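Enquirer: Protein chains in written order, with this note's numbering: chain A, 263 to 766; chain B, 940 to 1176.
Source of the hints: derived by calculation from the structure; they are not laboratory data.
All values reported here derive from a predicted model rather than from experimental measurement.
Honestly, I wouldn't trust all of these hints.
Okay, derived cross-link-like pairs now, DSS-like style, lysine-lysine, Cα gap no bigger than 30 angstroms in a straight line [to be verified]:
(1) A:455 with B:942
(2) A:642 with B:976
(3) B:942 with A:489
(4) B:976 with A:489
(5) A:708 with B:976
If you want the ones that stay clear, here's a sample from chain A, every Cβ over 10 angstroms from chain B, calculated [stated by the list, open to error]:
(6) 368
(7) 435
(8) 442
(9) 449
(10) 452
(11) 512
(12) 518
(13) 614
(14) 736
One side only, chain A facing chain B, incomplete, derived with CB under 8 angstroms [said to hold, decoys possible]:
(15) 280
(16) 431
(17) 438
(18) 671
(19) 751
Built from N, CA and C at the ideal position, the CB exists for glycine as well.
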Amino acid sequence: MDAFDNFLTGTVTLFSDPLGIMIFFGGVIGGMLFGAIPGVSMLTLAAILLPFTAHLSPEHGIMLFSVIYCTGVYGGAITAILFNIPGAPENAPTAFDGYPMTLKGQAGKAVGAAVMCSALGGTISTIIMMLATAPIADWAISAFGPPEIFALVFFGLAVAASVGAKTFWKGWLSILIGLMVAVVGLDPVGGIKRYDFEMPYLLAGIHFIPTILGFFAVSEIFVQAEKKAKGSYVAPKLSVDFPSLTELIAHKWAVIRSIVIGFFCGILPGIGATLAAFMGYNEAVRWSKTPEEFGKGKLEGVISSETANNAATGAAMIPLLALGLPGGALTAMMVGVFQMHDMEPGPLVFINSADLVWVVFAAMFFANVSILFVGFLETKTIINLLRIPFQFLAPMILLLATVGAYAVRGLTIDVIVMFLAGVIGFFLRRSGYSVAGIVLGLILGKIGEQTFAQAMQMLHFEWSGFFDRPIALGLLIVGVITLMGSVYGEFFKKKPPAAETPTS
Amino acid sequence: MGKLRPGHLVEAAMWLGLCLFLFIYSFQFDQDIEIYKFGATAWPRAIVLLMAIAALGQLYHHWKRGDEASVQMISAAVDDGSEEAAHEAHHEGLKWYASTFAMLLIPFAYMRIPDWITALLAAEGGSVHVIRIVVAAILIGIFLYTMRRNMIGAMLTLPLFFAAMLEDMGFYSLAPFFIIGVMIMFGENRPKPMLAIMGLIFGLLMLLFVNILYVGLPVGNIHPFYDIGSWVVTVLQ
């Protein structure tokens, strides 16, 4: 009952504040819109908004990001289905069957299924998150010290390296760049200057906001500039049809299976919605009696992918709020929002800022529910907005990013750092490196080094001390196994002769 | 040589060179910390070591499998089309990279050259501003001349050049030209829509950030840009 009371309190707080309501609906619409527009993503919007959250209360800032997270994952499905252009990697499997459905004249049904299943997967995941996060945080307060947090960071990075880039080695190199950028500035124990190159600007370290803006918003514009010769998008006419109850019941196992897969993928740091969507889709193919129909416009393909990726969103908040560890790029930006308000996410947030947590939970719940209604109404508007040529959108995004980077500290060098990060991100992306890995390394690098130093001091610099701490040891072992598995795959596994997943 | 291409060797050499540089530079801050026996260098050196191992691993991967994705990676999720776009646009050769990196030097030239000239001429007061404007004009000329041959290089350079000049020329004077520049880079060449969109974007930004949110944007510190910026702020606020 406690959770229900807290949820009601969070709901009342959310909807009794006009600014909160505006931010909520702004986030719902903005997330869907940026998720849907090819060439930008919810991460672009989040990166642009990140500096301005300093002017909002922590509740509003975190709430805005969590709402964008929920609706942005859905928004990417629209373009995946209509144009075969996934708005984000987590929508890629949606295109496998969604686009063939469009070609068969069933776009309305595919979008309707995406709306319904995104709402369903996200809502159930949020309910589980509300019930599970507080107990996990309570347990974490007593069970998680610096050695455990360091081990979890290591595990998260080991998993993230195997997901984000073209090759395992490029995944690791991406994360290591992020870790190295985090080293610049003063060392966390002795305050010794590192890699400052005698530049006063670098003494405080490279600020994460210009870096995130550069890697996500700016590099995306550069990539689009290179793609521009490939033609523009023509918006088709569309009506959104919900699948019938019979159709939905016929796919109940696909929905349940995808919710379970999505939730467990989301809860593991470093994995998130992308792997959830692919696993949800792959399992749907594996369990199907007619696997040969996948990739040719099967409704179940859209259902399984969209349910799984949205089910991951609620789960991804658990490690962030209960342990203070982000699992992906957007949750890493949420750490930034906390830090801008001199707060640290983690178990103590439940004691010190319980109101904040429940406002965020309530907002996520209603954001997922609103996908059902707003998604139905807004999809047509989004399709019309897709007519805006990218050459008019690009300068707007670049200038918003400029204002955002400058507004943080009033330094033009932050703007230079942002555009430089954009250029570096552009070259790294086209070479198969992962910018999400870099940002995760940057955010987790500071936490990792600090907790490693604290852990070693606590364990009197005896590595064997980890053996006396089962959780830390367990996480380190799983991290090492993940790493070794990837290394084994790299050296000994052979690529299958044909692609496993259809690419429509 | 396996499936190695010269580009793979260059990539590996860049990573290993970076590792070597970072390792050597770490001796600059190799100090003991009383309460922490690993000192300030252990963590960065561990990262450098792992980077070197990963770079060699990547070289091995290229040698055995060329540009293939790793078996266990979800290649469809990773592929955002940027590699394909680069390939289709023929932006992969040494000549293209050399021309792009040469263009990218323009903003950095603006950050350094005026200071060198000022020091050389022992210039003071208004003449420092004249030097900065003249250098900017020359570099803009070079940028415009080279952009026709390498539009992507120009697209990468333009925002950096804009950022480099922001301190001197101010946001209010540069932003309209920047908006038009980006539109041109994206292939827009109709003057009327460009002017209309520029007015719309600039107007919206001014209204939101200067008039409503009171965000202080750089006004510049060179005459007449400083006067223009200050005038815009005075009018809007």
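Enquirer: Confirm or reject each hint.
Expert: Here is how each hint holds up against the structure:
1. A:455 with B:942: violated, 43 angstroms
2. A:642 with B:976: Violated. Residue 642 of chain A to residue 976 of chain B sits at ~62 angstroms, over the 30 angstroms cutoff.
3. B:942 with A:489: The hint holds at about 27 angstroms.
4. B:976 with A:489: violated, 51 angstroms
5. A:708 with B:976: holds, 19 angstroms
6. 368: holds, 22 angstroms
7. 435: Given a closest Cβ separation of 5 angstroms, the condition is violated.
8. 442: violated, 5 angstroms
9. 449: violated, 4 angstroms
10. 452: About 4 angstroms separates residue 452 of chain A from the closest Cβ of chain B, which leaves it inside 10 angstroms; violated.
11. 512: holds, 27 angstroms
12. 518: Per Cβ check, residue 518 of chain A is outside 10 angstroms of chain B; nearest 23 angstroms; holds.
13. 614: holds, 28 angstroms
14. 736: Check passes; 22 angstroms lies beyond 10 angstroms.
15. 280: violated, 16 angstroms
16. 431: This interface hint holds because 4 angstroms falls under the 8 angstroms limit.
17. 438: With a minimum Cβ separation of about 5 angstroms from chain B (threshold 8 angstroms), the hint on residue 438 of chain A holds.
18. 671: Since chain B brings no Cβ nearer than about 11 angstroms to residue 671 of chain A, farther than 8 angstroms, the hint is violated.
19. 751: OK, holds: residue 751 of chain A within 8 angstroms of chain B, min 4 angstroms.
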